[in-house]
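Work out the full structure, taking the sequences as your base and the hints as a guide.
Same order as they appear, the protein sequences are chains A and B.
Position one of the first sequence corresponds to residue 1 (UniProt numbering), numbered consecutively onward.
Position one of the second sequence corresponds to residue 1 (UniProt numbering), numbered consecutively onward.
Think of the hints as simulated: they come from the structure by calculation, not from any bench.
Please note that the accuracy of each hint is not assured.
Said to hold, decoys possible - Straight-line Cα separation of at most 30 Å, DSS-like style, residue types lysine-lysine; simulated pairs:
hint, chain 1, residue 1, chain 2, residue 2
1, A, K119, B, K55
2, A, K150, B, K211
3, B, K267, A, K331
4, A, K150, B, K178
5, B, K64, A, K171
6, B, K200, A, K150
7, A, K334, B, K253
8, B, K141, A, K86
9, A, K273, A, K285
10, A, K157, B, K159
11, A, K331, B, K256
12, B, K178, A, K327
13, B, K253, A, K86
14, B, K249, A, K329
15, A, K150, B, K163
16, B, K159, A, K329
17, A, K329, B, K64
Unchecked claim - Okay, the calculated beta carbon distance ranges per label pair:
hint, chain 1, residue 1, chain 2, residue 2, range
18, B, V277, A, P319, 54 to 60 Å
19, A, D209, B, V57, 35 to 41 Å
20, A, A321, B, H286, 42 to 48 Å
21, A, S225, B, P143, 44 to 50 Å
22, A, K326, B, G289, 42 to 48 Å
23, B, A61, A, I283, 33 to 39 Å
24, B, L180, A, S225, 31 to 37 Å
25, A, R275, B, Q34, 39 to 45 Å
26, B, Q162, A, Q265, 39 to 45 Å
27, A, Q265, B, V57, 19 to 25 Å
28, A, K52, B, D111, 44 to 50 Å
29, A, Q265, B, A177, 29 to 35 Å
30, B, D111, A, A87, 32 to 38 Å
Beta carbons are placed, not taken as given, at the ideal position from N, Cα and C, and that holds for glycine.
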Amino acid sequence: MAASKRKRGGEGAVNKKAKKGKFVVGEGKTKVETEQEKINEVTVPAPVSMGKWTNKERVLIFSSRGINFRTRHLMQDLRTMMPHSKADTKMDRKDKLFVVNEVCEIKNCNKCLFFEAKKKQDLYMWISNCPHGPSAKFLVQNIHTLAELKMTGNCLKGSRPLLSFDPKFDKEPHYALLKELFIQTFSTPHYHPKSQPFVDHVYTFSIADNRIWFRNYQIIEEDASLVEIGPRFVLNLIKIFQGSFGGPTLFENPNFQSPNLHRRQLRLAVAAKVREKQMVKEIQKKKRKEAKEDINNDVTADVFVTPDETKPVHIQTEPPAPKVVKKNKHKAFKRQRMQRGRR
Amino acid sequence: MVLYSPAMESAEEESLHSQSSEEEGGELSDGELQEAFTKGLLKPGMNVLAEESKKFVNNAAGLKQCLADFRRDLPWVERLDMTNPPAEDVLSKAEGKVPAGINGELDAEDDFQREMFFYRQGQATVLEALPLLKVHNIATKRPDDYFAEMAKSDQQMQKIRQKLITKQMILERSEKAKKLREQRKFGKKVQVAVIQKRQKEKKAMMSAVKKYQKGMTDKLDFLDGDQKTAKNSSDGSKKAAPKKGPNAKRKFKDQKFGFGGKKSGKKWNTKESFNDVSGFRAKTAHDKGARKGKGGNKNKRPGKSVRRKMKGRS
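Below, the structure is given as structure tokens:
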């Protein structure tokens, strides 16, 4: 809508908003205020008036059916963070993937972020350059959205981000291609009408454990103290294709393990443990039931038998003399003896 | 399927040629095996079928070509991207820990290290990019009066603030409670110690007074006992270490009172106790001792008859 109604020179959009003049109470003042302030004081003017918007990059962000709330929120967050994005309705899963290209063309977008949910558990993300360019498929994990209370930063809606890449992106050709794709997709064009003129947040893409980690930080001070805004997610590369949503495979990630396989392995491990325990139990049972050796008659018992010498038989004719019991009268009582001993 | 035989390493070249002529998915029937044997491909011995490992596509040339086609050489102002390793971590260097990722692989399992790595990477970018942005006249600092819509609504920020505040309060409360507990324990100890000291002093005083009363000591030292003990304590520290083992008093008490249980027959009327006349004082027995305590009652009241006589007279 904005594209067709925008006047040349870029003042059109700004003025239109000023005419509508809606006040949104409690939401933080909108750009309307800035226009009114412009009349009163000299403040920062709207971006498009500063220069011409030449880098016509548009990203289409949408998903297939069967996504859960987290994915939906992630998509919404990406749409707020990227002012050069467009939304679309959910795509039916029975359509083939190359239909996405047609959707992009209709919407006049040249990049696409497509989220695909399978089994209501796994989320796959396609990032592609729409008409002919390369595309990549990722498995998305560890999603945290903007709404998480632990991420305390905030930034202007639609402000341009700084992009920060790990040096490992330059080392492999597939990472270099991905880096270019990310740069073109995520960087907001200069003088985009919906963008804000300040640069106050930075996206970091890092490589660890053969995955790409995405973080979004707010720049608080000029000395580079950062606070995380969110969202954050981890991308596990599956394949890179030469065409958009199809075409010959350029790269396949050898370290990728499909989530089904992963779950299967876990189940097998548990099953193996149970089986092992059962086996051990059975062996023990068998042992107990085995016929025990009869140890009552020891064959070797007579080996060391030596008869001892016979003693002379002594017959007592007189009764034995009584024992003289001497009582020690000078013995102290037992308790006192104990105490003395203790001392 | 690839036929692998341990004895085939020597005939590698032959096998390479033969593989191309072999059928790709050929069933290993006896006839074929015989043929292969006659050709000299199979040596006698154990021949094991080995699975060909799955080859992953890595078309480096294709990737580079694609990148070259796809790349748009935009000026830096459009892209705002930087590639840099993480910034120096002053804190961990001070502690002597090795910073993550610089020397070896970043451990993705160690959450703190990993997040610090990402954080420092962001920091390095910001530090490098800010001067560049200034050059291009792109502002980074938002003026105070610039109000615009934020990515997170005010409501969300309120919630976050509340959470932080509650966390802070919980922490403070637990800290207070801990301190109080510690104080109470300590205070209790101190209290007990003071009470015991007082009791000891009182006892000592009472025993000293009694001794004086009974005439065992005629020195009035206990009255200025505090000063003496104060002096002694200053000298006492220079004396030799105290005698080890229980005191004589302790020994006597142990002997007399024991350690509980049945009283050993101290109070029995045995021959020994009967013959023991140590507790006999002749003067007391014959009522000739000096009257202690009250002594003579000067105010002794006369008897009834004497009082009656006196009454009559007065």
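Hint by hint, here is what the structure shows:
1. K119/A to K55/B: The given pair, whose Cα atoms are some 28 Å apart, holds under the 30 Å limit.
2. K150/A to K211/B: 76 Å, violated
3. K267/B to K331/A: 18 Å, holds
4. K150/A to K178/B: Given pair K150/A, K178/B holds - Cα atoms ~27 Å apart, limit 30 Å.
5. K64/B to K171/A: 12 Å, holds
6. K200/B to K150/A: 60 Å, violated
7. K334/A to K253/B: 17 Å, holds
8. K141/B to K86/A: 28 Å, holds
9. K273/A to K285/A: 19 Å, holds
10. K157/A to K159/B: 19 Å, holds
11. K331/A to K256/B: Answer holds: K331/A to K256/B is near 17 Å, not above 30 Å.
12. K178/B to K327/A: Judged against 30 Å, a Cα distance of about 66 Å means the pair is violated.
13. K253/B to K86/A: 96 Å, violated
14. K249/B to K329/A: 28 Å, holds
15. K150/A to K163/B: At roughly 9 Å apart (the allowed maximum being 30 Å), K163/B and K150/A satisfy the hint.
16. K159/B to K329/A: 91 Å, violated
17. K329/A to K64/B: 113 Å, violated
18. V277/B to P319/A: 54 to 60 Å: About 47 Å separates the Cβ atoms of V277/B and P319/A, which means 54 to 60 Å is violated.
19. D209/A to V57/B: 35 to 41 Å: 22 Å, violated
20. A321/A to H286/B: 42 to 48 Å: Given about 56 Å between the Cβ atoms, the range is violated.
21. S225/A to P143/B: 44 to 50 Å: Violated, at about 19 Å.
22. K326/A to G289/B: 42 to 48 Å: For K326/A and G289/B the Cβ distance comes to about 45 Å; the hint holds.
23. A61/B to I283/A: 33 to 39 Å: 58 Å, violated
24. L180/B to S225/A: 31 to 37 Å: 36 Å, holds
25. R275/A to Q34/B: 39 to 45 Å: 43 Å Cβ-Cβ, so the 39 to 45 Å window holds.
26. Q162/B to Q265/A: 39 to 45 Å: Holds: the Cβ-Cβ distance is about 43 Å, inside 39 to 45 Å.
27. Q265/A to V57/B: 19 to 25 Å: 24 Å, holds
28. K52/A to D111/B: 44 to 50 Å: At roughly 45 Å between Cβ atoms, D111/B and K52/A fall inside 44 to 50 Å, so the hint holds.
29. Q265/A to A177/B: 29 to 35 Å: 47 Å, violated
30. D111/B to A87/A: 32 to 38 Å: About 33 Å separates the Cβ atoms of D111/B and A87/A, which means 32 to 38 Å holds.
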